[in-house]
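J.: All chains, please: the whole structure from these sequences, using the hints.
Quick mapping for you: the protein sequence lines, in order, are chains A and B. Oh and the first sequence: position 503 is 525 in the numbering used here, straight run, nothing missing. Oh and the second sequence: position 154 is 215 in the numbering used here, straight run, nothing missing.
Treat the hints with care, since some could be wrong.
Stretch-level coverage of chain B by chain A, calculated; a stretch enters the list once three of its residues show a Cβ under 8 Å from a Cβ in chain A [to be verified]: (1) 221-231; (2) 242-256; (3) 442-450.
Per label pair, the in silico range of CB-to-CB distance [claimed, not checked]: (4) A:VAL437 with B:PRO541: 42 to 48 Å; (5) A:VAL437 with B:LEU102: 26 to 32 Å; (6) A:VAL437 with B:THR301: 28 to 34 Å.
By construction, these hints were calculated from the structure, which means they are not laboratory data. C-beta: ideal position from N, C-alpha, C; glycine also.
Single-letter residue listing:
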Amino acid sequence: MSGFTVPEIAWGPMVPVMVVLLTAVVGVLVEAFVPAAHRRTVQLTLTLAALAGSLVAVAALWSDTERTGGTDVLGGSLVVDGPTLVLQATIALLALLSTLVVADRVTGGEDAFAPAAAAVPGSDYEELARSRGLRQTEVFPLLLFATGGMMVFPATTDLLTLFVALEVLSLPLYLLSGMARRRRLLSQEASMKYFLLGAFVSAIMLFGIGLLYGYSGSLRFSDIAAATATPNGMEGLLVVGALMLLAGLFFKVGAVPFHMWTPDVYQGAPTPVTGFMAACTKVAAFGALLRVVYGMLPGMAWDLDVVLWVVAILTMVVGTVAALVQTDVKRLLAYSSIAHAGFVLTGVIALNDAGLTAVLFYLLAYSAATVGAFGLVSLVREQGTGEDGSPTLLGEATRLPQWAGLGRSHPVVAVTFTLFLLSFAGIPLTAGFVGKFAVFSAAVDGGAWQLALVGVLASAAAAFFYVRIVVLMFFTSPHDTADEAPTSTTVTAVAVDGPAPDGEDGTVAATSGVAVATAAPERATTTVAAGEGLTVVAVAVCAALTVLLGVAPSPVLDAIASVAALLP
Amino acid sequence: MSDFPWLSALVVLPLLGAVALWVLPTGARRHTRAVALGFALAQVALLVAAFSAFDTAAAATHQLVETYPWIPALGVSWALGVDGVGLALIAMSVVLVPLVVLAAWREQGSTDGPTDRLRHYLALVLLLEAFIVLVFAARDVFLFYVVFEAMLIPVYFMIGAFGGAQRRYAAVKFLLYSLAGGLVMLVGVITLYLQGPGGPEGFLTENLVGVGLDPTVEKWLFLSFFVAFAIKAPMFPVHTWLPDAAQQAPAGTSTLLVGVLDKVGTFGMLTLCLPLFPNASRWAAPVIIVLAVVSVLYGALLAIGQKDMMRLVAYTSVSHFGFIVLGIFAFTSTSIAGSSFYMVNHGLSTGGLFLLVGFLAARRGSQQISDFGGLQKVVPVMAGLFLVVGLSALSLPGLSTFVSEFLVIVGAFARHPGVALAATFGVVLAALYVLWLYQRVFTGPVRPELASTPDLGARERWVVGPLVVLMLVLGFLPGPALDLVRPPAHVSLEQVGVEDVTPTVSIATAGAEGSDQ
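T.: Structural data, given as structure tokens:
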């Protein structure tokens, strides 16, 4: 034994990930050394450059991978093959778009994040931070760390790296969830829930990893797959370990029965972060799930089929049914994301090449619509009257009745949001339809036509709540809903904001609420914030993607299909 | 010029029109009506040109064929082509659109100048026209399905944003009904593809015909397609969305919805269900024929009992669609040709009725029959036109609808005499609902509040006039139109694999008889 051998590291294929993680480290240094006035510009530029660089790196690796099928890096801890590159590109692209939404500020330079997230809501310290005009710029490195973790997550074929990647992507998200500028308590509650449940699931997953190691004596997927081929009398370890591992992954994709955190966290987190989480985490987690199911567990497909089927059906049904009764846009989108996890699972279960391509395409289509939809949600605001009588932007108008008549007052926003909803609903000529078609046809091909049937019926039911929003935006005038809820909704909005009166915003809302209650039911309180245009760019790109992938999906489908082969 | 992509052009032109209307600069918005009508008429001209490229002698084969790869990875191609039936339906739709545009001129928005509302409405009409042409021309099952579903969206907005008081309910009911049917069909579409040869052109209809399906699979596939088409058509017992939609939608929307869109259902039965699932079609035919006859009688009975004119017309359509389905599943070349021709005539006749009822409702501000009476003396032109169009709904000889209904009944009689006899009662009931409606609205003493009702203006005469002319022309000279639909009927019959039964009256004499009376 000659002591320590220096491992051979192929740095090239790691560039997409390294760029992101190293820039994140630089971002932390920026926080320490760059004067506050310039931090935002520097951070934003760095983040965008890193994500764009990552995309370029993926593109540079593409043709090689297409030819060779991919390479092992770090002795097999990471695998850079076709699916990895597709997923990394998807994550980097959507993170880039999410960054634009995250960075956007409305008039007055107000972004979506609390100036001092550590402050107790409603405390003097918080008010001081507000009045000093502090700006939170640590979100950018946090975002990059999370993105880095997400890009490693689907690329790993080693249980320990899988776990590390999971933690790297999760920890920044726990933090980001708690940093909303408004509704601070709701946001901190979301963060806390997410953290506790996330930690719990991490522990379960780690236990599962331990059991799998005990069973096979290895942490490599391929070794475990090989071990499953030869019975050794310890199958109990294998089954329990695999189930625990899958539980962790199901938690991350938001599949029933591990979905409980989703609505609360999606609602409480700052909306730009919600969009980022909903899109990128799901992509990364499904990537990892694909690798585990295809790479590690095919030998025990018989045992796992039942579990996967039950989870997929439950996820589709529960997500759809629960979404039917939601009254908050963010919660509704959260439940719809659960239903979508179920649709993607049908593609995963197909266990064939068509299924792999379908899942990768579906993830791209779904995430583009998700980032766009949440981007728009972050722009639709309540409007109150300032002390001087001028209109002031308040928090987001996420309650559904507040969206009534948006089609009349802001047709472009409403039409774009409708486009995303139609894509979610899977109406033809949108990306969502092609995705759904691809996963269902893969499922039927893989012998799971019952799943496709459930999926189709769930889609029909899901159309109802997407259409409900469309009806609200286009066919309902704000006055109709004012009649339905005669008490001033602004007051209730304040009550929701209540636990965390946001300094002068709280009082502004309160005074305007009182004025409204006494004066007239006339209250044009829902408006669309202009922003700096960053969100608009992101939403426009998402809308273009949704249409392009719906009308001419061929290039992307072909590109994905040409590399859709997982390395062991 | 034979290689010119006529059908793609017919799809693209209205699409351009819709886009043009949406991006019309503020300064040019007063020309909204002219732009919309211009595009609609240009489309008619394009259609005439396409007609000249179509060889009627070979109406049984698909012509004006175009095939381009669209999504090869999924086996989807942009494959267009029409046989006689498809072309006839496209022609009917394209002719109806300018009339609908004209009819909407004053209905939507203010009377003096075009409004944004009108602009959006007309843009939706043109967008829908593009989808309509595409759906009748699609030779690719996936393409057909995509359009079948996508066209719901413009209609949904045309009902929900522009209709009457209960429009939201009606629009959502329409959308959910159609989506539910459509999504079940999606599973069928996927399964069918996987049973077929696959490959980059795996969705082409001709590649899917005769793939030798397992009998059980074939029956399930047939059902998944048929249910979607029956909802669309609409047949008893899945017709309940139609009266609500038609009642709440503006007259122009109802015209396109009932007159054209619902034909996609029967067109789909004829051009997809029969050739793709011949054995299952034969298997299901007895039940479908019973349902069709129930539709005929039930729709007519309900029509008699309606108080709202739009609902009444909607229920008459349920009855008429019963005839069409009966003709298709009676499996004789006469009845299938009759059904194909019926689809065209029904579009003209029902479209005319909806538009006229729309004019009436616009004058009175109500669609309730009880709000009218004695209009004959006040508005003679309208009363006359209403009578003619109404008589076409009861298939008066001399009008085109007579020819088609006669063919359906004669064709069906040759195979199922009892069924044809039962369906004939539908004709009697039709006389009842049409004439009773006319009597209540137009005859009797003039109601004082209606005494100053203006008669049809020039614009409105231009809307209804062409329809009446077409009905008369096709009624007296059905020959050319029948030449379009007869050869495809023989092909359909071969595909189903049923021996033709020759009725005692041949098609030629039926046409002649129609013109004699």
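J.: Please go over all the hints and tell whether each is borne out by the structure.
T.: Checked hints:
no.	hint	verdict
1	221-231	holds (count 4)
2	242-256	holds (count 8)
3	442-450	violated (count 0)
4	A:VAL437 with B:PRO541: 42 to 48 Å	holds (44 Å)
5	A:VAL437 with B:LEU102: 26 to 32 Å	holds (28 Å)
6	A:VAL437 with B:THR301: 28 to 34 Å	holds (30 Å)
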